[in-house]
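J.: Chain residues, written in single-letter form:
There are 2 protein chains.
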Amino acid sequence: MEDFHAPRRLLLGPGPSAVHARVLQAISTPLVGHLDPTFLNVMNDVQAGLRHLFATMNRFTIAVSGTGSAGMEAAVVNIVEPGDAVIVGVNGVFGTRLAAIVERCGGKAIQIEVAWGQIIEPNMIAERLLQSGPVKAVALVHAETSTGAWQPIEPVSAICRKHNILLIVDAVTSLGGIPVEVDQWGIDVCYSATQKCLSCPPGLAPLTLNERALSAVKNRRTPCQSWYLDLSLIADYWTEHNRAYHHTAPISMLYALREALRVIEEEGLPSRFARHRLNSRALLAGLMAIGLDPLPSPDCRLPTLLCVTVPASIDEGAVRSQLLERFGIEIGGGLGPLKGKVWRIGLMGESSTEANVLTLLNALEEIGIQHGWVSTPGIALQAAAHTYSVGR
Amino acid sequence: MEDFHAPRRLLLGPGPSAVHARVLQAISTPLVGHLDPTFLNVMNDVQAGLRHLFATMNRFTIAVSGTGSAGMEAAVVNIVEPGDAVIVGVNGVFGTRLAAIVERCGGKAIQIEVAWGQIIEPNMIAERLLQSGPVKAVALVHAETSTGAWQPIEPVSAICRKHNILLIVDAVTSLGGIPVEVDQWGIDVCYSATQKCLSCPPGLAPLTLNERALSAVKNRRTPCQSWYLDLSLIADYWTEHNRAYHHTAPISMLYALREALRVIEEEGLPSRFARHRLNSRALLAGLMAIGLDPLPSPDCRLPTLLCVTVPASIDEGAVRSQLLERFGIEIGGGLGPLKGKVWRIGLMGESSTEANVLTLLNALEEIGIQHGWVSTPGIALQAAAHTYSVGR
Chain D
20 MEDFHAPRRL LLGPGPSAVH ARVLQAISTP LVGHLDPTFL NVMNDVQAGL
70 RHLFATMNRF TIAVSGTGSA GMEAAVVNIV EPGDAVIVGV NGVFGTRLAA
120 IVERCGGKAI QIEVAWGQII EPNMIAERLL QSGPVKAVAL VHAETSTGAW
170 QPIEPVSAIC RKHNILLIVD AVTSLGGIPV EVDQWGIDVC YSATQKCLSC
220 PPGLAPLTLN ERALSAVKNR RTPCQSWYLD LSLIADYWTE HNRAYHHTAP
270 ISMLYALREA LRVIEEEGLP SRFARHRLNS RALLAGLMAI GLDPLPSPDC
320 RLPTLLCVTV PASIDEGAVR SQLLERFGIE IGGGLGPLKG KVWRIGLMGE
370 SSTEANVLTL LNALEEIGIQ HGWVSTPGIA LQAAAHTYSV GR
Chain B
20 MEDFHAPRRL LLGPGPSAVH ARVLQAISTP LVGHLDPTFL NVMNDVQAGL
70 RHLFATMNRF TIAVSGTGSA GMEAAVVNIV EPGDAVIVGV NGVFGTRLAA
120 IVERCGGKAI QIEVAWGQII EPNMIAERLL QSGPVKAVAL VHAETSTGAW
170 QPIEPVSAIC RKHNILLIVD AVTSLGGIPV EVDQWGIDVC YSATQKCLSC
220 PPGLAPLTLN ERALSAVKNR RTPCQSWYLD LSLIADYWTE HNRAYHHTAP
270 ISMLYALREA LRVIEEEGLP SRFARHRLNS RALLAGLMAI GLDPLPSPDC
320 RLPTLLCVTV PASIDEGAVR SQLLERFGIE IGGGLGPLKG KVWRIGLMGE
370 SSTEANVLTL LNALEEIGIQ HGWVSTPGIA LQAAAHTYSV GR
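Line by line, the protein sequences give chains D and B. Numbered by the working numbering, the letters in the first sequence go through residues 20 to 411 in order. Numbered by the working numbering, the letters in the second sequence go through residues 20 to 411 in order.
Just so you know, these hints were derived from the structure itself, not from any lab. Here the structure is a predicted model, which is why all the values come from computation and not from measurement. Possibly wrong hints are sitting among the right ones.
Treat identical chains as interchangeable: a pair holds within one or across any two.
Unchecked claim - Once the Cα atoms are required to be at most 30 Å apart in a straight line, the calculated BS3-like pairs of lysine-lysine come out as:
hint: 1; residue 1: K237; residue 2: K358
hint: 2; residue 1: K155; residue 2: K360
hint: 3; residue 1: K155; residue 2: K237
hint: 4; residue 1: K358; residue 2: K127
Whole structure, please, built from the sequences with the hints as guidance.
T.: Below you can see the structure in the form of structure tokens.
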């Protein structure tokens, strides 16, 4: 095996996003033991930083030792028991995955399906609740990474409270990029991932549960099917005074997350959200100027992940290859029914900068001119520049 | 939050072990996407390195995106279905955990229990198989991290073949430190962890399955209860040509593992095993010279993890605190019934050096003299030095 030389990449896909140099420095810190008093302080800092991000006072706020999908699985398998019905909003890959995990723990997934790119209207949930028998929880994807759709959460929470059922929210592509107000919105279980708007390498899943959710975990009739993700056991390590060994924490990843949270804290969430909004608007203006229209409607477009439809006349795979090979830029293709039909462009965390927006638009223009689907040089860049000049 | 300054630690506990500077360098490499062609090559290299370590030709040889316990869970939940009986050797924390996971997937754990520190005699398994109904698998811990016991595997494999049942082996504290011969011994499912004898940070679980085990996975009557750890889905990303997205791989951790595998390859497995044996013998000679006797009997003592009983006259917790605070040395205490009664000293991977052995013995002597349980200065160091002079 030879030395590994990573090529230079501008990460503008659906994740991972660019990682700050300070975070790369932190991840290479020599290790201490996972029960070392120093490390327990690192965990405390991570918990405090995550509470700030989730806008919650929840004591149970941790980083699950796995990627975002492990966070999803932890959220579901701890709440859902065999026979439990869960209403799941299905409008993309991650809603589909939520429903699959509900079924794998013996639950019944009542799927509310809408076309990919659309959102689940809160009244659809209210209506389904009136038709169905007892329901334990509603599970929704706040930011659907496969479509770029921005799901409203707060109105659904009001419905859940009325029916006394739990609300589980996937905030993988939203946390740290757009507001996620766990306490104010009344979210009971919320999880995310580190490699999106937190700009930390993949490998941890932030997760928070409020007292209502913890009480459901505590009062289960059956043990959680997963030992690794059993939150009643993990709580002994993360949140109780005894700090009892459960499994060995991914120490280096937690060093990285701690530093990523510091970087976020220094910028401040309001500035960070404004930065994501502005860069997204500028990129969108540029993309639309060259005929790439967003899939979701204007009222539900995520600033963190833009999904644009690619005209059939463009060989989308060839363009992505050229972006990667010639310009070192990664963007994402479509998944499932959107395969070959859309591009997914992430402007998350450290990746969301004016320079990156202009670099990508310039590269797309170059390729488009070469292949004949862009006729006016500079048109995308000008549209973006206009947004920046107005936006400030 | 302030800058994090990690204290200097000599990691001689049950894991994590010391990480090579080259591995810390590799983990801080800027990221590429998890579907980037460059990254797929990293995965290929990791697979090749792991096959070498496991001494296997198994195509399905991967790193699970979680710590060692996730590897254990992946091994069990993919093989065991509701109603399946599994014989589990229980002689410490990790056998107990295996049995718990078998039960959590609706399996029946037939536990063969022996005292902690002892091994499961192969004939105990043969006898139990004659008494019990159909059994799907036998699960054993090769290197029991909670006791330092070294379980023979090959004779059990012969029994499994005779009865046509699968053999699942936990190689968390053995892989890379003592021989693990997956193909030659006929192990069907074998998993490990990165933070022990591989000297890589915790966060990945090497896992290998042979065709017999994969066929059991393929012919399940029910879907695997875990979506995150479902090997039939993960195979599409790791081992098939399509490299289909399942979950975002922990990219930085895989960079680290690749480099750790290179370091191992450069040393060579025979030299590495010899180094672990020699340092362990020297440490043991030193410890016995100051009255600390090993828990397991001479025929089943691991060189990677020494478990010594602490005389009741010594305040073991106070000594560990002094080691940590005064000397920056981490060793482990006992778990479960051994709590307060033993020390667990790891000499794994980069931590297994003559310098570390002498440093620890010197520190223990200093503390022992101060507290009156060592009377002859230099006695432990001399015993170790003698082993080194004879051993070479």
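J.: With reference to the structure, classify each hint as holding or not holding.
T.: Results of checking the hints against the structure:
1. K237 x K358: between (42 Å within a copy, 27 Å between copies)
2. K155 x K360: Neither, since 36 Å and 46 Å both go past 30 Å.
3. K155 x K237: For K155 and K237, only the intra-copy Cα distance (15 Å) is at most 30 Å; the inter-copy one is 32 Å.
4. K358 x K127: within (29 Å within a copy, 43 Å between copies)
Hint 2 from the list above is the single one not met by this structure.
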